[in-house]
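Trainee: Each residue of the sequence shown is one higher than the last, beginning at 0 in numbering that gives the first Met the number 0.
Below 20 Å or equal to it, Euclidean Cα-Cα: the simulated SDA-like pairs (lysine to any residue) are:
id, residue 1, residue 2
1, 92, 74
2, 253, 273
3, 92, 79
4, 253, 322
5, 340, 228
6, 340, 197
7, 253, 323
8, 253, 307
9, 92, 198
10, 340, 196
11, 92, 81
Cβ-Cβ distance ranges computed for the label pairs, FRET-style:
id, residue 1, residue 2, range
12, 275, 342, 37 to 45 Å
13, 294, 41, 15 to 23 Å
14, 323, 226, 15 to 23 Å
15, 292, 75, 18 to 26 Å
16, 94, 229, 21 to 29 Å
17, 231, 95, 15 to 23 Å
18, 331, 309, 31 to 39 Å
19, 76, 227, 38 to 46 Å
20, 199, 227, 19 to 27 Å
21, 87, 331, 26 to 34 Å
22, 123, 337, 37 to 45 Å
23, 90, 251, 20 to 28 Å
24, 94, 321, 37 to 45 Å
FYI, nobody ran anything at the bench for these hints, they're computed from the structure.
The model shown is predicted, which means the values in this text are computed figures rather than measured ones.
Where a beta carbon is used, it is the ideal one built from N, C-alpha and C, also for glycine.
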Amino acid sequence: MRPVPVLANVQMERTAALPEKLADNAFRTITLDGLQRRNAVLDAVFYDVNTITAEETPRLAFWLAREGAIILVPPTGRGALEVFLTVNDYLEKAAPVGALAIAGVGSSALGAAAFARNVADALGESVTAVVSGYGLADILTEALGGFFFFGALNSIRHAFEPLDSFTKLFSKSEELESGYLWTRTSKDTETVIALLEDQRFAPRLLVGHSKGNLVLSEALYAIESEHPHLAEAIATRTRIVTISAKVGMPMLFKDVIDVMGAWDWFGALNSRPDIRTDIVVPHAWHSTNPDFPLGMGISVPQTIAQAIAMEGRMPAGRATHLSAILDAPQRTIAALRNVAKAQRPLSTAPSLPKTPPVRTTEKH
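Assemble the whole structure, with the sequences as input and the hints as a guide.
Mentor: Spelled out as structure tokens, the structure:
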């Protein structure tokens, strides 16, 4: 594996930004910085971080685990990636893209960007990535086993989300969400919902890896619950590709390709057993890093190309009889979101994060 130079650059940039992060929110920085650095290392194991150039790493380092951040990633050699901290900023500036990509595992911007670049290289066009992020809610969920069983325990994460919201009271660059604090969905899911609900954002491919598939599932269930006609339109124009975890999607979304590595026990633990695997990658594990030892990494560009080649034939129907039970966490989150929105005062508008300070990095 050869991700050391990229990872070293990210960690050095993050260290240089530490004083600014402490000034922005000392409590969250002290609590999370070490774990977020660990997750960047995990992303170097699970994702093809060598696709990220030295010039791009400073853009990712400061907001390494900013949950809900959006990254516009062009194919290799076609320009540098861009980071947006709000949906509005992204939609105002970004051009059409071929896919939405959501990574999991370490949940850092480094992994999200690397995964999206692999997808972009497969499509030959830019891809939008949403950063899953890592906060206090994730620490408590992980302590209960959520890192290994995110499919079963991720709903617990949402019970701890108010802790993350509360700590943003001490932040200069983020504001506390108003209205439905105690039943809010996570920022990554909300970002995906906001993107897909906007007519300016219409990718033809939705791609997730590991826990990112669950974020996508939660967002689609919420849209189906609140805007059935919009969900139907999205289902008609898109194909979903899940990699390394077979997660249930709303029944409207029938064009779903599920990809698993032949030796991926980790992904199997977090998959619905009744969903058929459409593409089995021989001798592969949970990683998408092509330099993973013994050649056990899934090649995302090859996998996406194979999934696209299946276009024109609808995959066999996904099992449905257990959906009501096994997708209960996603359905519950969608229902709670509906209740919270109904109880929210009409005069209350969602607050957007404040514009963060821009840190310039000198080249040496």
